[in-house]
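Student: Residues per chain, in single letters:
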Amino acid sequence: MPVIIHTDKCNECNGSSNPPCVRMCPGDLWMKDPKTGKIVMRNASDCWDCLPCVKVCPQEAIEFRLSYQLGFQTARLLPHIHNTRDFITWELIDTNGVTDKFTIRTKVLPVELDESIEGVTPAEYSI
Amino acid sequence: MEKNVIETDVLIIGGGTSGCLAAVELKELYPNLSVTIMEKAHVDRSGCLAGGMNAINAYLNPGETPESFTKYVRFDSCGLVREDLVLSMSELFEYCVKKVEKWGLPILCDEKGNYVPRGRWNIKINGESLKPIIAKAAKNAGAKILNWVTATNFIMADGKVAGAMGFSIKNGNFFIVKAKATIIATGGAAGIYKPNNAHDAQHKTWYSPYNTGAGYAMGIRAGAEMTSFEMRYIGLRVKDTIAPTGTIALGVGAPQINSKGEKFMAAKYAHIGGDGAPTPYRSHGPLQEIKEGRGPVYLDTRHITAQQARDLKSAFLDMYPSMVLYWAANEIDPSKEPVEVQTTEPYVVGGHTQSGYWVDVNRKTSIEGLYAAGDVSGGAPYKFVSGCWAEGVIAARAAGEYVQKTGFAQIPENVLKDEQERVFSPLMNQTHKIDGINNYDMEVRIQKIMEEYAGGAATFYEVNDERLQVARRRLSTLPDQFKYLMAEDLHDLMKAHEVIDRVYVAQVLVEHMMYRKETRWPGYCTRTDYTELDDTNWLKFVNSRRDPETGNIEMFTRPYEQIVPGDRYKPR
Ligand SMILES: Cc1cc2nc3c(=O)[nH]c(=O)nc-3n(C[C@H](O)[C@H](O)[C@H](O)COP(=O)(O)OP(=O)(O)OC[C@H]3O[C@@H](n4cnc5c(N)ncnc54)[C@H](O)[C@@H]3O)c2cc1C
Ligand code: SF4
Ligand code: SF4
Chain R
1 MPVIIHTDKC NECNGSSNPP CVRMCPGDLW MKDPKTGKIV MRNASDCWDC
51 LPCVKVCPQE AIEFRLSYQL GFQTARLLPH IHNTRDFITW ELIDTNGVTD
101 KFTIRTKVLP VELDESIEGV TPAEYSI
Chain S
1001 MEKNVIETDV LIIGGGTSGC LAAVELKELY PNLSVTIMEK AHVDRSGCLA
1051 GGMNAINAYL NPGETPESFT KYVRFDSCGL VREDLVLSMS ELFEYCVKKV
1101 EKWGLPILCD EKGNYVPRGR WNIKINGESL KPIIAKAAKN AGAKILNWVT
1151 ATNFIMADGK VAGAMGFSIK NGNFFIVKAK ATIIATGGAA GIYKPNNAHD
1201 AQHKTWYSPY NTGAGYAMGI RAGAEMTSFE MRYIGLRVKD TIAPTGTIAL
1251 GVGAPQINSK GEKFMAAKYA HIGGDGAPTP YRSHGPLQEI KEGRGPVYLD
1301 TRHITAQQAR DLKSAFLDMY PSMVLYWAAN EIDPSKEPVE VQTTEPYVVG
1351 GHTQSGYWVD VNRKTSIEGL YAAGDVSGGA PYKFVSGCWA EGVIAARAAG
1401 EYVQKTGFAQ IPENVLKDEQ ERVFSPLMNQ THKIDGINNY DMEVRIQKIM
1451 EEYAGGAATF YEVNDERLQV ARRRLSTLPD QFKYLMAEDL HDLMKAHEVI
1501 DRVYVAQVLV EHMMYRKETR WPGYCTRTDY TELDDTNWLK FVNSRRDPET
1551 GNIEMFTRPY EQIVPGDRYK PR
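Taken in order, these protein sequences are the chains called R and S.
Our numbering applies: residue 1 is where the first sequence begins, and numbers increase by one.
Our numbering applies: residue 1001 is where the second sequence begins, and numbers increase by one.
Worth flagging that the hints you see were computed from the coordinates, not collected in a lab.
Certain hints may be false.
Some chain S residues close to chain R (C-beta under 7 Å, calculated; not the full set) [said to hold, decoys possible]: (1) Ser1046; (2) Pro1117; (3) Gly1119; (4) Lys1136; (5) Ala1137; (6) Ala1141; (7) Gln1202; (8) His1203; (9) Tyr1210; (10) Asp1240; (11) Thr1305; (12) Gln1308; (13) Asp1311; (14) Leu1325.
All C-beta atoms, glycine included, are put in the ideal place defined by N, C-alpha and C.
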């Protein structure tokens, strides 16, 4: 599974009909389940491991995992965006549990919790 | 299903690297023009830049000129490029880079305020957020953005392009965007060959798996002239993650070694630059080592310090974070052991190689009203981020001028109707429960044909006429199968069109590989029946045009013109 969602952390962006994780995936892989309102992955094997969904989630509810065929289970990589939005700290935990941190300059732009879709009003577009 | 009809002066298809810069340039030059971007994902994180970038790979560092750059690119492409195109894009690197820096991209500078070079043509950036930065500039400039609208075909009127059609993957609306000029900027094509990885890592490809050759396919269907598809791109990448190796090779100066520890590039390819040999040779060299039993092949990083290893990881986090997790998950320390490399699945990508639309120096295609920029545009390799920006700017300037003297075309009603039917038929098939094919099955089918008969990784990317004939015959049956494609939902419908587009690209690709009877770019396309480079007969471009009426693909050549003097096989 390249990406997983921690459902305990996801607050569905306070009822957003088109939340950031769903909007930012270049492959259209996350969707809001029309029945349950939960965020679900359409097809993990279509994931590019590019991480916009991970970085954009305000709750840090989505985690990137290496596909098991490429490496071991316990290693983790967690990006944290600073409140100032000009730095990102990547927390890297290796298979032995040793943590390392990388703080890198960037320019993260603010992201809205919802966004409308061309052609219809938000209430209509759940499929 | 509703219809959305939009009229715009200029339509840009693909809101990626070149598309965003094209939009800004147009609105800056002509504030009164309406500019619309049609994008299949969301412009904030779409296309190649979704994960970020850590370098600008085409830039004129102090002392370099458009001429010296063109000389290098010509050398890197084994003596054959459109020099007019390479010159014109390199003249705009500075303009584009300065612009994007002004929008907020952090570019690394030394104490004196000069950009930090990484190799001859590269500078280092912290580009994790590069895509949202340029997308915001396009929005701020006043371009109208249609996110989640997958373009499917051009609107053709009187032999001209008069906009494009597509559908929303969010609500299923059919979009008809009528335009006076259209810029195609949908990137290259991945997924034509069997991917390096399988199962849940099948999309762990280097090139964006969501750039599926739509722009090529739309042009092919409309009868646009295409060039150099046979120059496929097969990159040297880090084993398993398929991460770019430039970060390592250029970042810390790591030579390639084989399993015996021999620096084979330096030993065998010294006459063409050793580890600095043209890019195709940097894939061909290691392939030969592996073929002859001296694999695995590595980039030797054992000389680097612990700090340099950290810097490498930081650089990958800006562009390809999975690389860093891979090392942590496999207990690999690049300062203690060399980094294993492999070659990618073949891609068609005009920003690294030169496959794409045949354009003039204004990036005008062979069809009136249509301009092409970025990875989808041909003849000018070595574009990378900055060359794609430059081409977006050039195309925008030309399109902006063109619309001053054109109006909207009269569009025949059947063009719109036929396309709407074609676009939604996989959904209808699902509804009517026909005995159909799902998109994934067709994807695997085409990848199997291409892998086995058209020079896939398992055959060391080698082709010959007989194998290509088989590929041609097998592919020729696929278009008749499109009518059986099924789609459960709109996401699936997008994927059905992706696979349809790939078939068109694959067919043209096979014709191109068959036509060039020499091996100009070993590694990219090695012909076992014509093993040598043959300047006497093949110092020219192989071009194609599919007849929209008959579906026949006509092959022909265009002459090469040397503009920058000097030895075509020397980097300086
Ligand atoms: C992983 C990776 C790392 C790279 N690293 C670097 C680097 O560090 N430095 C560097 O200089 N270069 C780098 N490159 C190269 C560079 O990113 C690309 O050459 C460049 O971004 C291509 O620009 P483009 O505008 O042609 O395509 P893209 O930026 O990919 O834009 C194409 C757009 O078209 C959209 N699209 C596709 N099909 C359709 C359709 N049917 N309808 C509507 N929209 C569609 C896509 O969603 C996308 O937004 C890298 C490339 C990759 C893949
Ligand atoms: S962005 Fe995060 S919190 Fe919001 S819906 Fe997605 S996963 Fe949940
Ligand atoms: S990592 Fe990229 S491709 Fe995968 S789900 Fe997230 S945004 Fe989509």
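Student: Indicate, hint by hint, whether the structure satisfies it.
Tutor: Results of checking the hints against the structure:
1. Ser1046: Holds, about 5 Å.
2. Pro1117: Violated - the Cβ of S:Pro1117 stays beyond 7 Å from chain R, reaching only about 18 Å at its closest.
3. Gly1119: violated (21 Å)
4. Lys1136: holds (6 Å)
5. Ala1137: violated (11 Å)
6. Ala1141: With Cβ-Cβ at 15 Å, over 7 Å, it is violated.
7. Gln1202: This interface hint holds because 5 Å falls under the 7 Å limit.
8. His1203: Holds: closest Cβ of chain R sits about 5 Å from S:His1203, inside 7 Å.
9. Tyr1210: holds (5 Å)
10. Asp1240: Hint holds; S:Asp1240 Cβ to chain R Cβ min 5 Å, cut 7 Å.
11. Thr1305: violated (16 Å)
12. Gln1308: Violated - the Cβ of S:Gln1308 stays beyond 7 Å from chain R, reaching only about 14 Å at its closest.
13. Asp1311: S:Asp1311 check fails; min Cβ-Cβ to chain R is 10 Å, beyond 7 Å.
14. Leu1325: At 4 Å from the nearest chain R Cβ, S:Leu1325 passes the 7 Å test, so the hint holds.
Checked against the numbered hints given earlier, this structure breaks hints 2, 3, 5, 6, 11, 12 and 13; the rest are met.
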